[in-house]
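Protein chains: 6
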Amino acid sequence: MKVTVCRKEHFNAAHRLHNPEWSDQKNQLVFGKCNNANYHGHNYDLVVKVTGEPDEQTGYVLDMKILSEIIEKNVLDRFDHKNLNLDTKEFKNLIPTAENIVIVIWKILREKIDKQLEIKVILYETERNFVEYPSN
Amino acid sequence: MKVTVCRKEHFNAAHRLHNPEWSDQKNQLVFGKCNNANYHGHNYDLVVKVTGEPDEQTGYVLDMKILSEIIEKNVLDRFDHKNLNLDTKEFKNLIPTAENIVIVIWKILREKIDKQLEIKVILYETERNFVEYPSN
Amino acid sequence: MKVTVCRKEHFNAAHRLHNPEWSDQKNQLVFGKCNNANYHGHNYDLVVKVTGEPDEQTGYVLDMKILSEIIEKNVLDRFDHKNLNLDTKEFKNLIPTAENIVIVIWKILREKIDKQLEIKVILYETERNFVEYPSN
Amino acid sequence: MKVTVCRKEHFNAAHRLHNPEWSDQKNQLVFGKCNNANYHGHNYDLVVKVTGEPDEQTGYVLDMKILSEIIEKNVLDRFDHKNLNLDTKEFKNLIPTAENIVIVIWKILREKIDKQLEIKVILYETERNFVEYPSN
Amino acid sequence: MKVTVCRKEHFNAAHRLHNPEWSDQKNQLVFGKCNNANYHGHNYDLVVKVTGEPDEQTGYVLDMKILSEIIEKNVLDRFDHKNLNLDTKEFKNLIPTAENIVIVIWKILREKIDKQLEIKVILYETERNFVEYPSN
Amino acid sequence: MKVTVCRKEHFNAAHRLHNPEWSDQKNQLVFGKCNNANYHGHNYDLVVKVTGEPDEQTGYVLDMKILSEIIEKNVLDRFDHKNLNLDTKEFKNLIPTAENIVIVIWKILREKIDKQLEIKVILYETERNFVEYPSN
Numbered sequence: 043m044k045v046t047v048c049r050k051e052h053f054n055a056a057h058r059l060h061n062p063e064w065s066d067q068k069n070q071l072v073f074g075k076c077n078n079a080n081y082h083g084h085n086y087d088l089v090v091k092v093t094g095e096p097d098e099q100t101g102y103v104l105d106m107k108i109l110s111e112i113i114e115k116n117v118l119d120r121f122d123h124k125n126l127n128l129d130t131k132e133f134k135n136l137i138p139t140a141e142n143i144v145i146v147i148w149k150i151l152r153e154k155i156d157k158q159l160e161i162k163v164i165l166y167e168t169e170r171n172f173v174e175y176p177s178n
Numbered sequence: 043m044k045v046t047v048c049r050k051e052h053f054n055a056a057h058r059l060h061n062p063e064w065s066d067q068k069n070q071l072v073f074g075k076c077n078n079a080n081y082h083g084h085n086y087d088l089v090v091k092v093t094g095e096p097d098e099q100t101g102y103v104l105d106m107k108i109l110s111e112i113i114e115k116n117v118l119d120r121f122d123h124k125n126l127n128l129d130t131k132e133f134k135n136l137i138p139t140a141e142n143i144v145i146v147i148w149k150i151l152r153e154k155i156d157k158q159l160e161i162k163v164i165l166y167e168t169e170r171n172f173v174e175y176p177s178n
Numbered sequence: 043m044k045v046t047v048c049r050k051e052h053f054n055a056a057h058r059l060h061n062p063e064w065s066d067q068k069n070q071l072v073f074g075k076c077n078n079a080n081y082h083g084h085n086y087d088l089v090v091k092v093t094g095e096p097d098e099q100t101g102y103v104l105d106m107k108i109l110s111e112i113i114e115k116n117v118l119d120r121f122d123h124k125n126l127n128l129d130t131k132e133f134k135n136l137i138p139t140a141e142n143i144v145i146v147i148w149k150i151l152r153e154k155i156d157k158q159l160e161i162k163v164i165l166y167e168t169e170r171n172f173v174e175y176p177s178n
Numbered sequence: 043m044k045v046t047v048c049r050k051e052h053f054n055a056a057h058r059l060h061n062p063e064w065s066d067q068k069n070q071l072v073f074g075k076c077n078n079a080n081y082h083g084h085n086y087d088l089v090v091k092v093t094g095e096p097d098e099q100t101g102y103v104l105d106m107k108i109l110s111e112i113i114e115k116n117v118l119d120r121f122d123h124k125n126l127n128l129d130t131k132e133f134k135n136l137i138p139t140a141e142n143i144v145i146v147i148w149k150i151l152r153e154k155i156d157k158q159l160e161i162k163v164i165l166y167e168t169e170r171n172f173v174e175y176p177s178n
Numbered sequence: 043m044k045v046t047v048c049r050k051e052h053f054n055a056a057h058r059l060h061n062p063e064w065s066d067q068k069n070q071l072v073f074g075k076c077n078n079a080n081y082h083g084h085n086y087d088l089v090v091k092v093t094g095e096p097d098e099q100t101g102y103v104l105d106m107k108i109l110s111e112i113i114e115k116n117v118l119d120r121f122d123h124k125n126l127n128l129d130t131k132e133f134k135n136l137i138p139t140a141e142n143i144v145i146v147i148w149k150i151l152r153e154k155i156d157k158q159l160e161i162k163v164i165l166y167e168t169e170r171n172f173v174e175y176p177s178n
Numbered sequence: 043m044k045v046t047v048c049r050k051e052h053f054n055a056a057h058r059l060h061n062p063e064w065s066d067q068k069n070q071l072v073f074g075k076c077n078n079a080n081y082h083g084h085n086y087d088l089v090v091k092v093t094g095e096p097d098e099q100t101g102y103v104l105d106m107k108i109l110s111e112i113i114e115k116n117v118l119d120r121f122d123h124k125n126l127n128l129d130t131k132e133f134k135n136l137i138p139t140a141e142n143i144v145i146v147i148w149k150i151l152r153e154k155i156d157k158q159l160e161i162k163v164i165l166y167e168t169e170r171n172f173v174e175y176p177s178n
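Protein chains in written order, with my numbering: chain A, 43 to 178; chain B, 43 to 178; chain C, 43 to 178; chain D, 43 to 178; chain E, 43 to 178; chain F, 43 to 178.
Hints were generated in silico from the structure; no laboratory data involved. Since the model is a prediction, treat every value here as computed from it, not as a measurement. Be aware that one or more of the hints could be misleading.
Copies of the same chain are indistinguishable here, so a pair counts whether it falls within one copy or spans any two.
Okay, derived cross-link-like pairs now, EDC-like style, lysine to aspartate or glutamate, Cα gap no bigger than 20 Å in a straight line [claimed, not checked]:
| # | residue 1 | residue 2 |
| --- | --- | --- |
| 1 | Lys-157 | Glu-132 |
| 2 | Lys-131 | Glu-63 |
| 3 | Lys-154 | Asp-66 |
| 4 | Lys-107 | Asp-129 |
| 5 | Lys-154 | Glu-63 |
| 6 | Lys-131 | Asp-156 |
| 7 | Lys-154 | Glu-51 |
| 8 | Lys-68 | Asp-105 |
| 9 | Lys-107 | Glu-169 |
| 10 | Lys-68 | Glu-153 |
| 11 | Lys-157 | Glu-63 |
| 12 | Lys-50 | Asp-129 |
| 13 | Lys-44 | Asp-122 |
| 14 | Lys-75 | Glu-51 |
| 15 | Lys-107 | Glu-153 |
| 16 | Lys-134 | Glu-98 |
| 17 | Lys-44 | Asp-66 |
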């Protein structure tokens, strides 16, 4: 009788897609406008899904206030109003594509949430571009 | 060649999270503002997903007008503009968390929809807090 | 060179539409399901619009963080997760229709925001029912 | 380490639900308003989900700009601002229900996207009626 | 103490933009894809705003259930699941641009709603294209 | 018989709120997280409203395709995927608050759109923070 509980949060960040092993020309060719040298930014919407059995005493799988606090403390405090490339250790050597960001966030949360609960993360870079990890 | 058809409906209800086996203090500690003695409320958005083979004659898995009427008659007429704790038999002895509500709605609909069709229910308590049952 | 800055907040509350001077029958006739004796509830979305000249030093009409804090302290702390009829002095003797709620919120905020700034409040009772005060 | 990348697009089209093997009366009975002889129409929202391993050099599963161009060239150019029944070969002999449209779009895209990547399509006929193919 | 109450409804319709006094070539040049001979369609979202003094007995400017019924009876029953050019008398000789549709709807509703109440109509042809009448 | 036609567009940009005449400490105090030295970013949603009489021949106040192209050429090409502080001349010496950005966009568009048409611009920095210019 597993239920999935979902919490939506958001953060605002700057980023740049750039592979330092490539020439400027190749970076421009592959990443286009997203390679802009001085960065651009997004309002990232984040949905964290946690699956497990509801507790009989509380009726909760995981109190969404607690889930919200876990996300705030571990993800938002780290990435909100930051430049992902310059201000975070996670993306010093990893290109901050939506794909890479969603995996990083999943790994951060996996450490902080009870292992008996499954986790899935959806990250909206824009309303029209979004990613899910893991794929189910 | 199974397709999933989805219908979104909504209802407005009052509720209170309270475990009668606990002290007021423990209820307040666990449920916080959601334990408010005089209830609070939500606009619940409900998505019902039904999976099966489209019929060759109609091109429908299940006519969404019919799905909408099944939801209206069995779920909305029961819960819309109601106090879940006081006005419904389902939550007389069951805490109306989103997790418990979504399971109750799934069970109600499971009785009313052809067994060859799989059902999944998503319930939005707010835009940012939602639950899914069953987890897939 | 006046600009309008807008901040969206939300709160969840229970309410009941009932005129104590009328018979139960007349209340039922006029207010229908909204007259349910045990209350029902909503996720209220609230947009507060403040109009004035941007400050030359900050580029702000009014810092939206400050606007958000004013709304939280004066409106959300008062109404969020409450029963409007039973838990608030504002609606002890005033029917909590969307029209009356929006006027009450406007009056509360009018006391707390610099008189040189104009205020307008929009209140969404549901996504499809909303009110504005003052009408412009 | 598979990630799902999702792209949302939209198109506007007219259609009519009608089975030529049936009498007008039966068509009216089954399809109701959707059988209107002179067609009606929708803003279709389309989400295409592509699942695979991110490339180590780019951090992309599939560049969403490229995904967007594939959808535009193969789906939108074919169906946008068209009468599905009269202007497209796909629905000359197939009733354009949401179920049938989503399968057709999936088959079109399956030919155009690398076979190592899984595809799923979600089609919103309205905000409240939508379909998914394949069901997962 | 005037308040504006707003109700959102929607309808689905087919239409074609075509000026019969022009050549096909000129129609194509001016209206582009919207001139498609076999029509295309939209999910129209409609917001009707009504401004007046709340009634002291009810707290209502105009009961939104009543407003909803007025819109349904006079606008939706006329235009929903219709071909605006072929199935309605209003657009037999008037090009159904969003601008013309919004004026037609306003005139229809102006006849049906108490003259002491001001009316404004907003019509969304898509999420990104919408019109308002009257402009305020 | 004036109608307002509205077009929604969006762009993604990085920015930083910083007054160079102030100390770092004062900047931090006033602008908080928005003062982050390495910038942060947003998905800006932009609504441009144009008011005038519909043309009798076309039924258009201003063809929304043309309005979209004017916005794209003059606003999006200038600001999309840019760092507002570093990459644009408009914000070299002007703090890119939402208030200042909306005035700048209005002035740019005012030069490009027929003077007989009134213009209003709404800029969403996030879903919950937005500004309007001019205030009406």
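Hint by hint, here is what the structure shows:
no., hint, result
1, Lys-157 with Glu-132, "neither (23 Å within a copy, 32 Å between copies)"
2, Lys-131 with Glu-63, "within (19 Å within a copy, 31 Å between copies)"
3, Lys-154 with Asp-66, "neither (39 Å within a copy, 30 Å between copies)"
4, Lys-107 with Asp-129, "neither (28 Å within a copy, 23 Å between copies)"
5, Lys-154 with Glu-63, "neither (34 Å within a copy, 30 Å between copies)"
6, Lys-131 with Asp-156, "neither (25 Å within a copy, 34 Å between copies)"
7, Lys-154 with Glu-51, "within (17 Å within a copy, 29 Å between copies)"
8, Lys-68 with Asp-105, "between (47 Å within a copy, 15 Å between copies)"
9, Lys-107 with Glu-169, "between (25 Å within a copy, 14 Å between copies)"
10, Lys-68 with Glu-153, "neither (37 Å within a copy, 28 Å between copies)"
11, Lys-157 with Glu-63, "neither (37 Å within a copy, 29 Å between copies)"
12, Lys-50 with Asp-129, "neither (24 Å within a copy, 29 Å between copies)"
13, Lys-44 with Asp-122, "neither (32 Å within a copy, 26 Å between copies)"
14, Lys-75 with Glu-51, "between (27 Å within a copy, 17 Å between copies)"
15, Lys-107 with Glu-153, "within (18 Å within a copy, 32 Å between copies)"
16, Lys-134 with Glu-98, "between (44 Å within a copy, 15 Å between copies)"
17, Lys-44 with Asp-66, "neither (49 Å within a copy, 29 Å between copies)"
Violated hints, in rising order: 1, 3, 4, 5, 6, 10, 11, 12, 13, 17; the structure is consistent with all others.
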